[in-house]
Every structure is written in structure tokens, then in C-alpha cells.
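Chemist: Residues per chain, in single letters:
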Amino acid sequence: MNYHQRSHRRVQQKKSIPMIFFKIGAAIVILVFAIGNITVFAKSVQLSDNIVTLETDIQKVKKENVELEKKLYSQNSMENLEIMAKQLGFLKQAGPISLDDQHYALAR
Amino acid sequence: MKRLFTLFVFFLFTVFAILIKLFYIQAFSGDTYSGNYLRTTRIAPVRGIIFDRNKEPLVINQSSYTLFAEPKNLEDSFNTLKEIDSILNIGEATLEGRFDKSKDWVALARNLEEDQKKKLEKLNIHGLGFDEYSKRYYPEASIAAHLVGFVGKDEDGDDIGYFGVEGYYDKDLQGLPGLLKTERDILGRPIVIGTQNKLKGENGRDFVLTIDKRTQKMAKEAIEKAIEVYKAQSGCITIIEPNTGEILAMDCAPDFDPSEYFKFNESFFKNPVISDVFEPGSIIKPLWVAAALNEQKIKSYDMYDEKGPINIGKYYIRTWDNKYHGDISITQILQQSSNVGMVFVGDKLGEENIKKYLKAYGFGEKTNIDLQGEVSSYLRKDSQWRPIDFATVTFGQGIVVTQIQMLKAFSVLVNGGWVVEPHVVKEMVSESGDAKKIAPKKEKRILTEKTSRTIRQMLYETVNHGEAKWNIPKGYKIGGKTGTAQIAIQGAYDASKTNASFIGFGPVDNPKFLVLVTLNQPQTSPWASETSAPVFFEVARDLLVQYNIPPK
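Heads up: the sequence lines are chains A and B, in that order. Under the numbering used here, the first residue of the first sequence carries the number 275, and numbering increases by one thereafter. Under the numbering used here, the first residue of the second sequence carries the number 597, and numbering increases by one thereafter.
Hints should not be assumed to be uniformly reliable.
[Unchecked claim] DSSO-like mimics (lysine-lysine), calculated; alpha carbons at most 27 Å apart, straight line:
| id | chain 1 | residue 1 | chain 2 | residue 2 |
| --- | --- | --- | --- | --- |
| 1 | A | K344 | B | K919 |
| 2 | A | K336 | B | K731 |
| 3 | B | K718 | A | K334 |
| 4 | B | K962 | B | K866 |
| 5 | B | K944 | B | K1033 |
| 6 | B | K1108 | B | K1038 |
| 7 | A | K336 | B | K767 |
| 8 | B | K651 | B | K1108 |
| 9 | B | K859 | A | K344 |
Keep in mind the hints are simulated off the structure, nothing from the lab.
With the sequences and hints as input, model every part of the structure.
Modeler: Here you go:
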């Protein structure tokens, strides 16, 4: 092996070292992107599931709200209060203040 | 090398095939494919709630369900219908009648409530399902059916308000639908990085009415009782705040159930207060006396010699009992409800002024009350007036008005002379909470304060010294006037068929309420003094207590 042959091999070694690094780097980048992509995809699927769950929950809460509203107003309605008052005997016991008996009304 | 080439050709062919397919999808059948993942949903607006003046609800929304079956997916239809009937109790025969095996989808029951739905769901029957929809719910039942109206369906099957507030303010109550455009995957889940467009709609506005539900209930009970006691065909009670035109209560009987409006004939939906015209009879007399006082054509202490019937052309005008009392004052004309006395007042007022005041009081045109279905009464043209018409109009014959027109006109007498627009909506509240208040509309002043004060005093005297004795609340000054109008049938008046009405207000010095009671064809007595008037005083007593009006 003469001087020229030896020097040519050294130049080749110098050239191939950065090429390896470049290839490894590229592979890592692709891997990172692939993992990132999979992660984003998985997250988006999870987020979609959450959205669906929340949409269902919102509907459920709205429905419950409507039902509770109906129950509340039915309980507070004059129709219902009248029935309850009759059952409890309030109407018989305490009538409205009589306009013709104002002394009594004032005494109260 | 050959194998590598084969692989290359294979990949090339695959890529080419994919490209062709993509081109086909995008260029020729884009709509078909976009429909699969791009979902557009209509966001239905929630219809506005209707409250009374104290923000207590008269109408709210409620979820309701339609139970449907898919006969082809139902394994044992006989037992299924039996089980459904055990919960709904609508009859097996009815369910079998609705069930049709040849169809893909059949509705078995409508208007189901949440509890019923839950019970049916527990049966866990494959092939049954529910369609949800929103419907109106009335916590106070049909307390104000004519006034509120109802929500029905239009020709496209969409909700639409009919009559009353629901009809008049349908667009505001309905709101605007929104649109949601989202990309969904094959499982129906939203694609987060895809299109998510939302066009926000707006829920219907909530309405706060001028109605007080306690007063409304009291009026409803009073008119229903009156119809029963006096055996009338129908009747109405309307209560208005005369200074603002706010309607406090408006009820007519018979009425309908707005939640089951489809079970009633159309004639029940019409609100007689705004949609029917009638001859007012004597309740119109104070309007002419006030007009004559305002024009200074008469004085309250002027005397009139009531000596007998008045002859106008081929007609004779008589008093209601054909009795004549000689010298009587203007106040006594009202007290005794003298027709001939009113002809005298009309004569003093003059023909031009009669026509002028008819228009000024608002007869012949709509009051613009915010309720659907108002009609305008007919007012004869200037050229069509005959001498007898000028005479009869002074005691309420030969003229037709609506009850709401009468209330609007009478408000002028008791509120200091102002024409105010009657209305039932006090406030509109949008979804964001912005409230738009409806201010009372004072159109114009047509009577002076002095005239108003004088006529109020005269009507107080009329109540206290009138032809009948009523149960007037002690310590209170109440004014009013009876009106008994015979009903014209085929051009002739039938003495046995009358419209008995009473219009009254209180307290006289500072009126807080004006009430019109009308009874159509009462059988126990044709006279308003024996039918409508007692009803008015019952209502007035309740109003004095409800509104804490102290005696003097």
C-alpha cells in the first residue's frame, strides 16, 4: 500500500462518519414524527370520545333540568297549593280579612 | 434485478390506482362522500317561557315522547303490546289497531311523559324506540287559555303559535335555529382537527305579562260561577289598570284546554273580548255625558224634563221601564239609565261632536292590543248617519263595539282623560338576559281632568243611588254603570235575549282598576243590575284585598 492509497482511505473514512450520523438523525426524526403523529391521533380520538360524552351529559342535564322545572312549577302552582290548603284545612280556618268587619281587621 | 422491477411496477400501479380513485371521489362524487363525514345538525331553539307580572310561569316547556315500534324487528308483538298496555293503559285493541306489521315504523303512543318512558325502557324490548320533542306545559292549567293561546303545527309540521300571546308574538317566542357543521368519523365521533362550524341560533324570548295570576284565577272562578248561577250562555271578565292600559286579568267562559286544544272546536279558541262585537247598551252612556261635559254643552247640575217618549221620525224612544220622572239632573239620567235623557244629552252635544268623539274614543278601529285575533268594529260612514242613529247611539244601540274597545274608551273617563293603549306584555327578556320593557302608551288626551273628575263622581252617585242596591264594600268609593242590551235577531230586538254588562272602577278618587263584566243571555234575569253587577262587586271586593287598597 503506497502513500496515495492510504491517504484515499482516510478521506473515505472522514466522509462516511457524518453520513452515518445523518442517517441516524433522520431515522430518529422520522421516529419522533411517527410517535408524535400516533400520539396526536390517539389524543384526538380520546378528545372526540370526551366530546361525545359531554354532549350526552349536557343533553341529560338539560332534560333533567326541564323535568325539575316542571315539577317545581307544578308544586308551586295555585292549583296544587289550593288542593294542599284544602287538605290541611287552611281555607276553613282563616278566611280573608273581611272588608265589612274592619275593626276586627284593624285589631289584627 | 427482475424482481425489483416487478415490485416497482406493482407499487406504481397501486399508486396510480389510488390517484384515479381519489380523482373520481373529488371530481365526481364529492357530495356523496362528504355527506358521510360532514354532519350538519339543526340546533332547535327553545321556545320562550311566558310569565305573569310576578314572574311566575303561565307556560313552560316540557319534554314529551312518541313511542314507536319497528314491527320487522319485534319478535313477539302480541306480548309486547300487552306489556306496553300494562304501563300506558290505552287499551290493547287501540295498540293493535295502530300496529301494522307491513310497515317499517309505526307510532304506538304520543305525548308520553318521562316516567312512562323510563318504565317502558325497563322492559328492554328490542324494536321499540322513542322520539323526543318539546311541548308546552301549563302549570296553572287553562287559567288564561284565551289570553295565552296555544302552540299547534303548521302545514310543514313545525310548531307555530295560534291566538293570544302565542300567536301575536310567535316569531319572538320561537327564536332562531342554529346550525352545527362537524366532521365525524365512522363511529359518529367528532374529528377534532376537522371542520367544526357552529352558526349560533337564538332561543325564543321569555315574556312577562301584565297579568297577575291570582287576579286571573279569581276572574276565572267568578265568571264560571256567574255563568252557572245566572244560567248564561257565556261571559267574560276583563280587568284593566286604567292609567297604564295594563290588562290585569282577562277571562271568558267557556274556554278550552291549551294542552289539548285539538279536542276543541275552533269556536272555543276565539277570545270574545277582542274578537266579538256587541251592542254595548247603557254602559256607553257615561261616554256621551263626559263628551258633552267636556265640550261644555251641559253641566252636571243641569236639569232635564223627562216627560215622556221622544218621537224621531217613525220611531219612539222610551225609557227602559216606560216610566218618566219629570225634572231630573244629568247625574240622575245616568242613575236611572234614562234613554230619553240620553237623547237630550246627545242633542246638546250635536251630531258632529258625536261623530268626533266616537273616533276619539277609538271606536271603529283596533285598539292594537298585543293579542292575535283582534277585530275592529264597524262604524258607519259620515254620509250614512240618519237622525235616529244619532239618538240610539247615545244609549248604545245601532253601534257595535268590542269589549276591549269599550274598556279603552272607559279608561279615558277614569284616568284623567288620556287614551291609553291596552296591552298584555310588560317585558321581553332575551336569551342573554337583556330585558326590553314595554312602556305604557298614552296616545292623546281627549278629556280634561275636571271632566274626568266630574264623570267619576257621577258614576259613584250612579252606583250608590242607582236603580238597584248592591253589596258595595263599605268604606270604598266605587263607580260604575250597568248595561242591558237586547240582542238583535234578524233585524229585530228580542226582549228575552240580552247582553247584560257592568263596567265599574275603584277607588273613585284614584282608580286602580277598571272591570268589565259581560254575560251573554242570562236566564235568571235579563237585567244587568241583577246579574253582571253583583258579579262586578264580588270581583271588586277581591281586588281591594288583593291590591291592599285601604278604605277611606
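Chemist: For the pair supplied as a hint, K718/B and K334/A, is the alpha-carbon distance within the 27 Å limit?
Modeler: holds (18 Å)
Chemist: Are K1108/B and K1038/B close enough, with their CA atoms no more than 27 Å apart?
Modeler: holds (17 Å)
Chemist: Compare the distance between the alpha carbons of K651/B and K1108/B with 27 Å, and conclude whether the hinted pair is satisfied.
Modeler: holds (21 Å)
Chemist: Verify the proposed pairing of K962/B with K866/B, using a straight-line Cα cut of 27 Å.
Modeler: holds (16 Å)
Chemist: Keeping to a limit of 27 Å between CA atoms, is the pair of K336/A and K767/B held or broken?
Modeler: holds (23 Å)
Chemist: Going straight from one Cα to the other, do K344/A and K919/B come out at no more than 27 Å?
Modeler: Not satisfied, since the Cα-Cα distance of roughly 61 Å exceeds 27 Å.
Chemist: Below or equal to 27 Å on CA atoms is what counts here, so check K944/B against K1033/B.
Modeler: violated (44 Å)
Chemist: Would you check the hint for K336/A and K731/B, treating anything up to 27 Å between C-alpha atoms as holding?
Modeler: holds (15 Å)
Chemist: Quickly compare the C-alpha distance for K859/B and K344/A to 27 Å and report which way the hint goes.
Modeler: holds (23 Å)
In the structure shown, a violation is registered for the earlier hints numbered 1 and 5, in ascending order.
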